[in-house]
Amino acid sequence: MKQLTTPRMDQCIGCQSCSLACARLVYHRISWNTAGIRIHSSGGLSTGFIANRCLACDPPPCAEVCPTGAFTSRPGGGIIMKKKLCIQCGKCIDACPVDAIYQDRRGDVYVCLHCGQCVPFCPQNCLEMVDSHSIEEVLV
Amino acid sequence: MIREEFRILLVDVASGKGKIVLLDGRNEVAGGSGLAALLYMQYGQPELDWDDAAQPLIFAIGPLTGYFPLMSKMVCSFKSNYHGEYTESHAGGRAALSLRFSDLDALVLVGKAKRLSCLGIGANHLELKDAAFLRGTDAESSGKLIRRMFKGGSGHRSIMRIGPSGEVGSAMACINVDTYRHFGRMGGGAAMGAKNIKAIVIHGDSDFDVPPGKEYARLYKEVYTKVTSTDMMRKYHNLGTPANLQGLNDISSLPWRNLQQTSDPGISSITGKSFADNTLLRNGACSGCPVGCIHIGFIREKMATDNRYHYHQVAYDYEPIFAAGTMLGVTNSFDVLRILDVMEKVGLDAMSGGVALGWATEATEQGLISAKETLVPLSFGDAAAYQQAARHLGRGSNDFYRLLGQGTLKAAAVYGGGDFGCVLGQEMAGYATGELFFAAQTLGFRHSHLDTGAYSYDQKNSDRDITRAVDFLIDDEPGRAFLTSMVGCLFARSAYTEEQLAECLRTVGFDKLSSSIPQVSEHIRALRWKVRARTGFDPDNFAIPKRFYQVKTWKGVVDKEYLDSLKQEYGRRIQAIIAGD
Chain A
1 MKQLTTPRMD QCIGCQSCSL ACARLVYHRI SWNTAGIRIH SSGGLSTGFI
51 ANRCLACDPP PCAEVCPTGA FTSRPGGGII MKKKLCIQCG KCIDACPVDA
101 IYQDRRGDVY VCLHCGQCVP FCPQNCLEMV DSHSIEEVLV
Chain B
141 MIREEFRILL VDVASGKGKI VLLDGRNEVA GGSGLAALLY MQYGQPELDW
191 DDAAQPLIFA IGPLTGYFPL MSKMVCSFKS NYHGEYTESH AGGRAALSLR
241 FSDLDALVLV GKAKRLSCLG IGANHLELKD AAFLRGTDAE SSGKLIRRMF
291 KGGSGHRSIM RIGPSGEVGS AMACINVDTY RHFGRMGGGA AMGAKNIKAI
341 VIHGDSDFDV PPGKEYARLY KEVYTKVTST DMMRKYHNLG TPANLQGLND
391 ISSLPWRNLQ QTSDPGISSI TGKSFADNTL LRNGACSGCP VGCIHIGFIR
441 EKMATDNRYH YHQVAYDYEP IFAAGTMLGV TNSFDVLRIL DVMEKVGLDA
491 MSGGVALGWA TEATEQGLIS AKETLVPLSF GDAAAYQQAA RHLGRGSNDF
541 YRLLGQGTLK AAAVYGGGDF GCVLGQEMAG YATGELFFAA QTLGFRHSHL
591 DTGAYSYDQK NSDRDITRAV DFLIDDEPGR AFLTSMVGCL FARSAYTEEQ
641 LAECLRTVGF DKLSSSIPQV SEHIRALRWK VRARTGFDPD NFAIPKRFYQ
691 VKTWKGVVDK EYLDSLKQEY GRRIQAIIAG D
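Just so you know, the protein sequences line up as chains A and B, in that order.
Just so you know, our numbering puts the end of the first sequence at 140, numbered straight through with nothing missing.
Just so you know, our numbering puts the end of the second sequence at 721, numbered straight through with nothing missing.
Just chain A, with the same shape it has in the complex (with noise of 0.2 Å):
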């Protein structure tokens, strides 16, 4: 299974058409926010930006903490997200060591499927998608 990397971040401008992208193509909503990448800056912007998204651990602590099943685990690391069976009651965000996981005012959580819809729409050639098993390094 392939996964989401952002092995190039120091390329990075902070246009941010990957977290547009993403909540756009994958969640239907038009924010930075409501997306499975999101792009801070780190002290402002003259010390460059950090993406932040889910590393796809295996197992993922937030599938495990997650009471409904809403959260599964995903072969070669993340999860599977089947948003109706989510209560919204935000383990998963309590869970996530990265803070990956975004949870809207509506109770709504966001996070990166792996799905690789962001990647054609960074301009820096940022992002990759890679085969999990070949990740020598994991860089954000």
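Everything labelled a hint here was simulated from the structure, so no lab data went into it.
For glycine and all other residues, C-beta sits at the position ideal for the given N, C-alpha and C.
Honestly, I wouldn't trust all of these hints.
Quick partial rundown of chain B residues pointing at chain A, CB under 10 Å, derived from the structure [as the list claims (entries may be wrong)]: (1) 206; (2) 207; (3) 209; (4) 264; (5) 291; (6) 294; (7) 309; (8) 344; (9) 350; (10) 368; (11) 425; (12) 432.
Since chain A is already given, all that's left is putting chain B on it; use the hints.
The following block gives chain B in isolation, referenced to the frame of chain A:
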């Protein structure tokens, strides 16, 4: 959110209270520039002084903001202390999308805070925080402190702040937007300072449904591909706007040393390529723009005799390099950045500041002023002196600098040297291309080189056909006014044709607006001029200094009769627009 009416947040900064206003007019003014003019009609006080507490400070975005690539700019409008009339300034950064994701079409500030304050807004919050301790802080330090005052939202918010220039009421004070972008010209920083507002923090923390159907995603991808996969926008993200420095110098159209020359061999060390090769540290983008035209250079300073260094990052573009480089005879790229770094900190518009210091240098050469006024001896090429002078100008260190900060010609009226003040409505942009640009900037709506394509026309036409030239200005303006009502980046005007804009508007649900772009464009253009006329605009208020008649371009020496005729005819046509129904 897509809605027909405009959703405005009106904040009285005297009380710290705000209210949401729903305003009709989408199909008449679209948003952005048109909306800003409509809001000034609603809340403006044309007869009152620029710094009267009742004057509004307006920030507006457009119907496509956040919905399509490069729809990433914001319009700021206010009554300018530069000329006492209504004006606009535009900026990128994250401001536009932050306001969109606060579910607002515009933010309007009225009143005056009791003490220096910071305003924080978002989709669900509004707070005014005392910030008296920030008085006098530069744009860099205040940014650091404001991030501590308003926690959370990193990357999803915009911080718009003023430096000391805005606090002292300089007509050259800018509003710094997210460190590297600016509402630069016409004294927007002073308009914000007059309200005792040091900073506005906009946290874009809401989200909306995508327009129904598959068409929106398809069209987004089409536009995205057009601006990233073709050469259409390459010039903006490669060398960026500084690529034009060499070209303008080659055709004798680049102002040097207070426009005493239009070409100089010294260009070789401050071309776009030279900046990229030697100083470029990295690139950046406005939120929602995959082009990424922001070029950030570095300067490295040695602290002591030992190898102890610190560094600063400074954004550069064509215009700032012209203003702090060629106009001042500074031909070392790092020195140009050092001057710009000071201007950034004090919150001074680089173009205005550089041109003003160019005049001050020539006035010094002619003995009209001395170090008694300038505090540091000025001479062309002396970058260290210009760093100090920029700080004095930004902070208004003495009577001379405070006067110069009100405009070069205001200082010249006292000290002499009005003939060589390089002012075309405001301090000139970096185009000594010829008569049409000089006339166009002198009377342009924003006195900006982006009001029309006059600088481009000059480079392609050597005839002296007044009607054809002025027709070009008149015909070129409405399309630009419509694009700045969307609010798209003007660099994207080749991508966003009228047909493309119509398709975008239709796809997100603005059917009526999409089918009436020509009429709405004309209406917005006329509305903006009418608003400005209410605040006192008259073409005769603006003269062209003698220096511009001495300029030699690739077409030869400027033709006085042609230039005067262009200005007269352009002014007449603008007056006709103002007088129209």
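Residue 425 of chain B as an interface hint toward chain A, with CB separation required under 10 Å | holds (4 Å)
Evaluation of the interface hint that places residue 206 of chain B against chain A, nearest CB under 10 Å | With Cβ-Cβ at 6 Å, under 10 Å, it holds.
Grab the minimum C-beta distance from residue 350 of chain B to chain A and call the hint holds if it beats 10 Å, violated otherwise.
-> holds (5 Å)
Holds or violated: is there a CB of chain A closer than 10 Å to the CB of residue 294 of chain B?
-> holds (5 Å)
Hint validity - residue 432 of chain B Cβ closer than 10 Å to any chain A Cβ = Interface hint status for residue 432 of chain B: holds (4 Å vs cutoff 10 Å).
Should the hint that residue 291 of chain B touches chain A count as held when the rule is a Cβ pair under 10 Å?
-> Where the cut-off is 10 Å and the nearest Cβ of chain A is about 13 Å from residue 291 of chain B, the hint is violated.
Chain A contact restraint on residue 368 of chain B - CB to CB distance below 10 Å | holds (5 Å)
Holds or violated: is the Cβ of residue 309 of chain B closer than 10 Å to a Cβ in chain A?
-> Status violated, d = 27 Å.
Does residue 264 of chain B pass the interface check with chain A, least Cβ-Cβ distance below 10 Å?
-> This hint holds: residue 264 of chain B lies near chain A, its Cβ roughly 7 Å from the closest one there, short of 10 Å.
Identify whether the interface hint at residue 344 of chain B stands, where standing means a beta carbon of chain A within less than 10 Å of its own.
-> Where the cut-off is 10 Å and the nearest Cβ of chain A is about 7 Å from residue 344 of chain B, the hint holds.
When the least beta-carbon distance from residue 209 of chain B to chain A is tested against 10 Å, hint result = OK, holds: residue 209 of chain B within 10 Å of chain A, min 7 Å.
Does the interface hint hold: is residue 207 of chain B within less than 10 Å of chain A, judged Cβ to Cβ?
-> Cβ of residue 207 of chain B sits 6 Å from chain A, so the hint holds.
The structure fails hints 5, 7 (numbered hints given earlier, in ascending order).
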